[in-house]
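Whole structure, please, built from the sequences with the hints as guidance.
So the sequences go chain by chain: X and Z. Under full-length UniProt numbering, residues 1 to 517 are what the first sequence spells out, in order. Under full-length UniProt numbering, residues 1 to 330 are what the second sequence spells out, in order.
I should point out that these hints are in silico values taken from the structure, not numbers from a laboratory. Incorrect hints may have been included.
DSBU-like, lysine-lysine: derived pairs with alpha carbons at most 35 Å apart [claimed, not checked]: (1) X:Lys309 / X:Lys382; (2) X:Lys128 / X:Lys160; (3) X:Lys495 / X:Lys160; (4) X:Lys495 / Z:Lys299; (5) Z:Lys299 / Z:Lys214; (6) Z:Lys79 / Z:Lys300; (7) Z:Lys79 / X:Lys495; (8) X:Lys285 / X:Lys309; (9) Z:Lys79 / Z:Lys214; (10) Z:Lys300 / X:Lys495; (11) Z:Lys214 / X:Lys495; (12) Z:Lys273 / X:Lys285; (13) Z:Lys300 / Z:Lys214.
Sample of chain X residues lacking proximity to chain Z, with all beta carbon distances greater than 12 Å (derived) [said to hold, decoys possible]: (14) Arg21; (15) Thr108; (16) Phe203; (17) Thr420.
We put the beta carbon where it would ideally sit given N, CA and C, even for glycine.
Each chain is listed here by its residues.
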Amino acid sequence: MTSLKPTAPASSDGPGSSAPRLSPLGWVRWAWRILTSMRTALILLFLLALGAIPGSLLPQRGVSIEQVQNYFFENPDLAPWLDRFFLFDVYSSPWYAAIYLLLFVSLTGCVLPRALAHYRLMRARPPKTPRRLDRMPYSATFSTDATPDEVLTQARPLLKGYRIEADTDSLSAEAGYLRETGNVLFHLALLALLVALAIGSFFGYRGNMLLVEGDSFANTLPSYDAFHPGHAVDPDAIEPFWLRLDDFEAAFVQDGSFSGQADSFSADVTYREAPGEVEQTHVLKVNHPLQVDGAQVYLLGHGYAPSFKVTDSRGDVVLDQPVPFLFRDTFTFTSDGVVKVPDSAPEQLGFTGVFLPSAATAESGDLVSDFPEARNPRVVLKGFVGDLGLDSGDSQSVYQLYAERMTQVGESPAMAPGDTWELPDGAGTIEFTGVSDYISLQVASNPSRVPALVSAIAAVVGLLGTLFVQPRRVWVRARPGADGRTVVEVAGLVKTEGAASLARFHELASGLNQRLR
Amino acid sequence: MVHALAANVAADSNLAGISEDLVLALIIAYAIALFLFVFEAAYGRRESLAGTRLVAVGATEGRVDDLTVNLRSKEPEVKASRHIFGRVGLGVTVVGFAINLVQIVTRGLAVDRWPWGNMFEFVVAICFCGVGAFLFTSFRYKARYLGTFVLIPVLLLLGIAVRWLDGEAGPVVPALDSYWIAIHVSALILATGAFMVSGSATITYLVAQRTEAKRALGETVSSIAAKLPSAELLDRVAHRMIILAFPLWTFGVIAGAIWADEAWGRFWGWDPKEVWSFITWVVYAAYLHARATAGWQGKKAAWISLIGFACLLFNFFGVNYMFSGLHSYA
Ligand code: HEM
Chain X
1 MTSLKPTAPA SSDGPGSSAP RLSPLGWVRW AWRILTSMRT ALILLFLLAL GAIPGSLLPQ
61 RGVSIEQVQN YFFENPDLAP WLDRFFLFDV YSSPWYAAIY LLLFVSLTGC VLPRALAHYR
121 LMRARPPKTP RRLDRMPYSA TFSTDATPDE VLTQARPLLK GYRIEADTDS LSAEAGYLRE
181 TGNVLFHLAL LALLVALAIG SFFGYRGNML LVEGDSFANT LPSYDAFHPG HAVDPDAIEP
241 FWLRLDDFEA AFVQDGSFSG QADSFSADVT YREAPGEVEQ THVLKVNHPL QVDGAQVYLL
301 GHGYAPSFKV TDSRGDVVLD QPVPFLFRDT FTFTSDGVVK VPDSAPEQLG FTGVFLPSAA
361 TAESGDLVSD FPEARNPRVV LKGFVGDLGL DSGDSQSVYQ LYAERMTQVG ESPAMAPGDT
421 WELPDGAGTI EFTGVSDYIS LQVASNPSRV PALVSAIAAV VGLLGTLFVQ PRRVWVRARP
481 GADGRTVVEV AGLVKTEGAA SLARFHELAS GLNQRLR
Chain Z
1 MVHALAANVA ADSNLAGISE DLVLALIIAY AIALFLFVFE AAYGRRESLA GTRLVAVGAT
61 EGRVDDLTVN LRSKEPEVKA SRHIFGRVGL GVTVVGFAIN LVQIVTRGLA VDRWPWGNMF
121 EFVVAICFCG VGAFLFTSFR YKARYLGTFV LIPVLLLLGI AVRWLDGEAG PVVPALDSYW
181 IAIHVSALIL ATGAFMVSGS ATITYLVAQR TEAKRALGET VSSIAAKLPS AELLDRVAHR
241 MIILAFPLWT FGVIAGAIWA DEAWGRFWGW DPKEVWSFIT WVVYAAYLHA RATAGWQGKK
301 AAWISLIGFA CLLFNFFGVN YMFSGLHSYA
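If you want it as structure tokens, here you go:
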């Protein structure tokens with residue numbers, strides 16, 4: 001596969017013999033010629049495909065950081081080695097970039113000269129009729145009583161779509177320029193696509209957050225749980241819209257063998273494009289994002305946020321709000337969460353909890369959830385008393401209780417909405433006041449969406465041209481013969497494979513023959 | 001905070017039952033056709049195929065009407081094994097194709113959505129497109145001799161579908177509930193059907209090539225391999241099918257990117273399915289380049305197209321069962 005024998009026309013005086021005696025400029029030329037040869041393109045295409053494979057076999061940071069962390073945890077010896085070769089960031093790795101950049105340099109070097117040559121060809125007239133037409137892949141002769149001029153006049157309407165150059169006794173016609181145009185368009189469109197993607201990764205951003213029913217957020221950095229800006233994004237200058245989740249509904253298949261499968265999600269939201277603008281509403285659904293001011297807001301998922309009211313030992317209400325819980329699996333929506341109560345006195349309170357939207361007793365006697373909908377919500381909590389560690393300066397996840405300096409004080413019974421659990425030793429009470437839905441949202445701004453789409457469409461159009469148009473030449477010559485009748489010659493040539501064209505030429509020849517009968 | 005009540009999407013069980021029976025009828029029809037095609041290949045007489053579009057229609061040399069025609073490069077005569085059974089087989093294939101269509105339609109009606117929402121339905125639709133592409137080639141290019149090679153993978157796929165894939169009719173998850181499924185998945189299924197025929201033609205081509213090489217060395221070749229049509233013709237059929245499939249695949253992948261942009265908030269995220277669609281695309285692009293590269297035509301290009309086909313199959317089975325991504329519907 002790597003043998004670069006100088007058989008390709010582009011590298012005809014290739015690497016072997018002449019290479020060592022080259023001047024520096026000669027070397028550059030030589031390298032350029034190799035790089036832009038079809039053979040190199042072929043090899044680079046293979047490498048592009050081959051290099052993409054590890055990215056599908058190993059978890060990728062760009063797709064899921066958690067999975068990468070898991071992989072490191074499970075393969076502590078192997079993972080750092082793989083990481084050294086960027087195998088967890090394949091598509092943004094230097095070696096993958098090297099492959100596609102080389103490919104695109106090769107492409108440019110290959111296609112630009114071709115585009116130029118094609119441009120010249122398009123402006124040139126079809127070449128003169130050659131002397132011997134019987135050397136063409138297809139040629140036919142017949143004689144007719146019509147005069148040579150009449151023959152050529154009759155031939156013209158048959159050559160619709162051809163560019164015709166008339167000579168004294170012949171027509172030279174060419175058609176199918178669009179094949180090469182399509183080829184150039186296709187390859188340039190691929191270049192444009194790459195540029196568009198690069199622009200997108202520089203100037204775009206993506207961020208995720210959770211939003212509980214009734215809550216709102218302003219599009220600023222602190223609103224996000226995770227934010228991935230491109231290199232050139234100023235996080236303080238992102239689109240200043242505001243959005244509130246009014247209501248969320250999830251519908252599930254209620255019974256039968258698909259029971260529990262999600263059927264539809266929809267979220268009613270109110271938003272303002274910028275501070276001071278009028279409020280507008282939108283129904284946010286999967287496949288139906290909201291466009292605000294150059295950014296898109298997507299509904300990615302949903303979950304439950306049980307709400308709690310916590311009273312401390314002094315009798316003060318120190319927390320009264322919904323707390324988003326993260327689900328473990330989509331078929332039961334059994335969810336885990338943490339309630340942190342930093343304001344309680346004398347000591348801080350913390351809870352870990354399991355939320356069961358549709359609680360039922362399993363055969364084993366355990367309490368489980370048997371449906372994703374909140375048909376019979378129950379919460380089971382573990383209480384902790386002590387120091388939440390929020391002042392230590394280390395950043396904490398809201399979904400995790402850092403209980404090193406806390407003591408567990410007990411576990412609650414399964415609580416239904418309205419139930420209150422009294423902590424032992426008068427440490428306080430916690431009431432499970434109800435359940436809200438939350439949605440997970442993604443906000444994305446990607447200036448390359450439209451340019452990428454335009455390039456992609458151009459690529460398909462170009463591809464259709466290059467695959468289905470056949471460039472061809474036809475000649476018709478009419479001369480007086482020895483017997484006084486006119487001798488007509490019709491000949492055709494195609495530059496690409498496919499014998500259907502011979503049939504086409506034959507149709508032309510017999511069509512002309514018919515007309516002159 | 002209201003949860004919507006039951007959306008009644010339980011499949012219409014009557015229609016669903018019919019569509020399950022039709023799958024069996026379909027398998028039987030294709031199996032009979034396969035038998036007839038194998039019989040034709042084994043016991044037919046090698047005859048010249050006139051009028052295949054790949055060979056110039058009517059452009060034979062000599063005097064035609066008043067014309068004297070002169071062809072520089074003579075088209076090699078194309079021969080293939082012919083038998084009346086093959087014709088019957090083609091008829092049975094058409095019947096199977098019709099059953100296949102009815103099956104897909106009743107399935108769609110039963111579940112009240114586009115009938116390609118899970119692996120089982122993909123397989124049935126791909127077989128439909130593969131057989132459709134085969135029928136197209138057999139009418140347009142007289143490539144009936146491909147019947148055996150197309151129906152073997154079709155029957156294998158259908159067998160796998162019935163035996164291992166969950167065929168129960170049901171609703172799809174919300175992400176699939178979009179008109180884009182009609183555009184994106186249809187394009188990819190159509191392309192897969194054409195790639196399948198191309199793959200069959202390529203394998204046949206490699207066998208025929210070996211036969212011709214042996215003949216050139218003076219060996220006698222008996223067995224079915226001796227009755228295959230000329231390697232050149234097979235190569236062209238394979239190429240034609242890829243030329244049909246490649247733009248469709250390109251379009252399908254782009255449509256998928258647009259859909260992903262709408263559903264998941266990014267148009268390309270290197271999800272395993274996306275990666276393997278991309279790999280497949282690149283390998284077939286390499287095939288097209290190989291045909292235009294000195295020293296890579298013929299057998300080498302054929303192997304590249306087979307690699308492409310392997311990637312396609314892996315994308316379908318491997319990715320759905322081995323990886324968990326947004327695209328797993330297994
Ligand atoms: C991302 C990379 C590329 C893709 C996906 C791609 C795809 C294609 C496709 C689909 C064709 C049509 C083939 C046909 O007409 O049968 C084609 C033709 C062509 N490509 Fe590329 N290409 C790529 C890179 C390159 C590079 C790097 C070069 C130059 C070194 C190149 C040079 C050509 C040429 C010269 C043709 C015309 C072949 C002919 O005349 O039949 N391509 N390409």
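Verification of the hints:
1. X:Lys309 / X:Lys382: Since the Cα atoms of Lys309 of chain X and Lys382 of chain X sit roughly 15 Å apart, the hinted pair holds (cutoff 35 Å).
2. X:Lys128 / X:Lys160: Given pair Lys128 of chain X, Lys160 of chain X holds - Cα atoms ~19 Å apart, limit 35 Å.
3. X:Lys495 / X:Lys160: 19 Å, holds
4. X:Lys495 / Z:Lys299: Given pair Lys495 of chain X, Lys299 of chain Z holds - Cα atoms ~22 Å apart, limit 35 Å.
5. Z:Lys299 / Z:Lys214: 15 Å, holds
6. Z:Lys79 / Z:Lys300: 24 Å, holds
7. Z:Lys79 / X:Lys495: Holds: Lys79 of chain Z and Lys495 of chain X sit about 26 Å apart, inside 35 Å.
8. X:Lys285 / X:Lys309: Holds, because 31 Å separates the two Cα atoms, which is no more than 35 Å.
9. Z:Lys79 / Z:Lys214: Holds: Lys79 of chain Z and Lys214 of chain Z sit about 17 Å apart, inside 35 Å.
10. Z:Lys300 / X:Lys495: 22 Å, holds
11. Z:Lys214 / X:Lys495: 32 Å, holds
12. Z:Lys273 / X:Lys285: 23 Å, holds
13. Z:Lys300 / Z:Lys214: 18 Å, holds
14. Arg21: 25 Å, holds
15. Thr108: 16 Å, holds
16. Phe203: 15 Å, holds
17. Thr420: Non-interface label on Thr420 of chain X holds, nearest chain Z Cβ at 21 Å vs cutoff 12 Å.
Checked against the numbered hints given earlier, this structure breaks none of them.
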